[in-house]
Amino acid sequence: DIQMTQSPSTLSASIGDRVTITCRASQSISSWLAWYQQKPGKAPKLLIYKASSLESGVPSRFSGSGSGTEFTLTISSLQPDDFATYYCQQYSDYLYTFGQGTKLEIK
Amino acid sequence: QVQLVESGGGVVQPGRSLRLSCAASGFTFSSYGMHWVRQAPDKGLEWVAVISFDGSYTHYADSVKGRFTISRDNSKTTLYLQMNSLGTEDTAVYYCTKDRYAGNSFSHYWGPGTLVTVSS
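Protein chains in written order, with our numbering: chain A, 113 to 219; chain B, 11 to 130.
Rather than coming from a laboratory, the hints here were simulated on the basis of the structure.
Note that the structure is predicted; figures quoted are calculated from it, not measured.
Among the hints, a few may not be true.
Claimed, not checked - Straight line, CA to CA, 25 Å or less: simulated DSS-like cross-link-like pairs of lysine-lysine:
{"#": "1", "chain 1": "A", "residue 1": "219", "chain 2": "B", "residue 2": "75"}
{"#": "2", "chain 1": "A", "residue 1": "219", "chain 2": "B", "residue 2": "53"}
{"#": "3", "chain 1": "A", "residue 1": "151", "chain 2": "B", "residue 2": "53"}
{"#": "4", "chain 1": "A", "residue 1": "219", "chain 2": "A", "residue 2": "154"}
{"#": "5", "chain 1": "A", "residue 1": "154", "chain 2": "B", "residue 2": "53"}
{"#": "6", "chain 1": "A", "residue 1": "215", "chain 2": "B", "residue 2": "53"}
Just chain B, same shape as in the assembly (with noise of 0.2 Å):
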């Protein structure tokens, strides 16, 4: 069965860095691009970046370009975000999920997500 879990989130200053990791199983990970999306306290859900199954594309949400990196280590079946300069509108729970397809479709399977809080 697919599992997604998300490590990494935690309280974070305005300004610095952190780095989600999200560890993939059931399911042959080098197939399937991958997602981030997101959710603030109390908001909808805000879709964040996506990886192609080789790394070979990568897009992000506006609000994030330039800030954020989306990566991918196939022999680890592991899915990162570097995020970069957070400010408190970062605040939020972050998903990891599975691409239906090669990275250009629907989040099939999502991870319990990991909460990242931005706070001075």
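Extracted from the complex, chain A is given alone in its bound form (with noise of 0.2 Å):
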């Protein structure tokens, strides 16, 4: 099985900064990456797929990098609206483990 290990667990960052997020593959998984952003009681929402796509209607400040077993979700200014939770997701093989996930709070 592929494990998805995401860092940090918990970001504190100011509005305005960039932040950048790491999810890494136990094995090489391509491009077959997608990431999520969650906030308290809703839905989880498609930010990129195939690692650097992005989703229709996704701010620009939001971008995705990486192959193989690295890959990291950059968001080039914090905005009020970008506190919440992020997840990566596999879907190299047929069971799409997520990552734990990464908080991201406001310092």
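Fit the two chains together into the complex; they arrive one by one in their own frames, and the hints show the way.
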């Protein structure tokens, strides 16, 4: 089974900061990686797919990169609406595993 | 617009069964794979099961294999999750999600979720 590990688990940042979240796969998943944003009490929302493709309607301050086993989600300039929990998910094999999540908090 | 609405959640005793439904609209249901994803209270997301657009294949997380069955009725544009032998570890919000393609990719759209509580 492919394991997904995100870091950090919690990230404190300020409005306007540039932040990066890392997701590592236990084996190569090519570019079959998605990123989601979840706010408390709400369903997750797709941000990025195929490692770096921005979902329609998602602000351009969000970007994704990486391939193989190491991936990053970057928010170029944090906005108040971005404080949430972020998850990566691999879809290279049929177990579609998620990372454990990264909670982005206001500093 | 895509709409996914889960139903069937509630409180159930350990060892009992429950069937969740997900009513889909706003897209050609029979052309897309569908998933169930769950989230235990204050925990992360856990993928549960996937079914292809035509129901020809299904896959399950190891944690539910042999106990849960995903199915679909394309004529009713509805997805199902039959859950048997429920344990307290199955307590979670269950989300129905639409695959981006035929059933081998990511969750493009999500329903609001339905809460399942397994408790005596």
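So, going through the hints one by one against the coordinates:
no.: 1; hint: A:219 / B:75; verdict: violated (42 Å)
no.: 2; hint: A:219 / B:53; verdict: holds (22 Å)
no.: 3; hint: A:151 / B:53; verdict: holds (13 Å)
no.: 4; hint: A:219 / A:154; verdict: holds (23 Å)
no.: 5; hint: A:154 / B:53; verdict: holds (13 Å)
no.: 6; hint: A:215 / B:53; verdict: holds (11 Å)
Against the hints set out earlier in the document, a violation occurs for number 1 only.
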